[in-house]
Amino acid sequence: MGLTLKVRWNRGVEVESSESILILDPTVYDPSYEYALITHAHSDHSKGLYYPFSIKCSTEETVRLAEVYRSTMGEGWRRVRCGDRFRLGEFEVRVHNAGHVLGSVYYEVVSGNGETLVYTGDLNTVKTLTMEAAKPTSCDVLVIDATFGSPAFIFPSREELSVEVSKWSIDSLREGKVPVFQTDSIGNAQEIISMLNTMTNIPVVTHPRISGVNKVYESSGHRLEYIDLRSADASELLSRRACTLILPKRGRLPSGVKANLALASGWALYLKDGRKPIPLSDHADFNGLLEFIEGCKPKLVLTFHGGRRSRVLAEYVKKRLGVEARPIEFCESVFPETKGKDRLRACEKEVLRTVRIRGFLYKFRWIYQNLKAKGFSKSEVERALESLVDTGKLEVHGREDVFKVK
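Start counting the sequence shown at 1; every next residue gets the next number (the working numbering).
If you're looking for bench data, these hints aren't it; they were derived computationally from the structure. The beta carbon of each residue, even a glycine, is placed where N, CA and C say it ideally should be.
Okay, the calculated beta carbon distance ranges per label pair:
hint: 1; residue 1: Arg-81; residue 2: Lys-272; range: 37 to 47 Å
hint: 2; residue 1: Leu-271; residue 2: Glu-90; range: 39 to 49 Å
hint: 3; residue 1: Leu-129; residue 2: Ile-357; range: 41 to 51 Å
hint: 4; residue 1: Thr-4; residue 2: Glu-395; range: 26 to 36 Å
hint: 5; residue 1: Lys-406; residue 2: Glu-90; range: 24 to 34 Å
hint: 6; residue 1: Asn-287; residue 2: Val-28; range: 25 to 35 Å
hint: 7; residue 1: Glu-92; residue 2: Arg-356; range: 16 to 26 Å
hint: 8; residue 1: Gly-256; residue 2: Ile-170; range: 15 to 25 Å
hint: 9; residue 1: Thr-198; residue 2: Arg-365; range: 56 to 66 Å
25 Å max Cα-Cα, derived DMTMM-like pairs, lysine to aspartate or glutamate:
hint: 10; residue 1: Lys-215; residue 2: Glu-225
hint: 11; residue 1: Lys-393; residue 2: Asp-342
hint: 12; residue 1: Lys-319; residue 2: Glu-294
hint: 13; residue 1: Lys-127; residue 2: Glu-225
hint: 14; residue 1: Lys-177; residue 2: Asp-273
hint: 15; residue 1: Lys-374; residue 2: Asp-401
Please put together the full structure from these sequences, using the hints given.
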């Protein structure tokens, strides 16, 4: 393939060039990374906001949505907007709309020699009432979310879903029951509110957590009409069964409310638990993913976050689009490993990134666990440490298994 950019899964997506390294949507803190890029506010992608990276980038909307759940973020945050271009070490980073939820972006990372990688995070390729659709960007390597990366997941149009949400709500009220939607607090909840506000005059009552998210959407220019569940007006409407109610997926129904329940989620396509299935998703479906991939014209596709569907999507990309593809979870590195002296130098380089803070003491076991996640063996780490001590870059502190930077 002739590319030198390296990509690994290391509890986040690690991107490395000859001179720089960064991580996207990290799920744990690793001090060997100076730079972190966060795509959106959902908790499985936004944990990096709370870790002490030297620089961590996201949109302001992402931070404000994350703060609905947890207020302490710490230092090092840098705001980005769609259309921005900026440098992190050797990399130029470009920011694009991901179409997923308020403030969601995907990142284009360009190395010093011009190789490009696109990391999508979660994305949606259709226009919704609250988001513009994500558009593809040409790249060499595409790392793409495969949540619904199977032909079993083809979603109805937004127009069909709006009609279904409205009709089911009206029919439930005619039965003398409150229509209750259980859904994600960020994204789908605001989409359902917008559908009901647009298609009906039914008052919408929202769980306090969803109300907090709504306020962030409103401050960003979205018009949402709703009543917080804690208010007297909400209690009166619920007692008369004269409203809809929107709860988080695991939110409890208020006592005494006679209700019809619906689940609004992409997973609702195969729901069989008695709730009304509303297959509304803020993710791209299978066709949307393939269209996005084709539009990016990548040389290599790496799938992630889909479990078995990561393999399914990769196989379809190879067969239907003729592009090399595989799940990133099973990749140590995108490109062939170095060997011999080059391999030792690469290991030494990773060790120095891992123990880069002067004054700290690092145990061998901790160093090895970090290097193991990047594909190095115990013997390789031992040889690298020995070489770094011999050349004066590290020193042994007291015990043989404790090291520090000179």
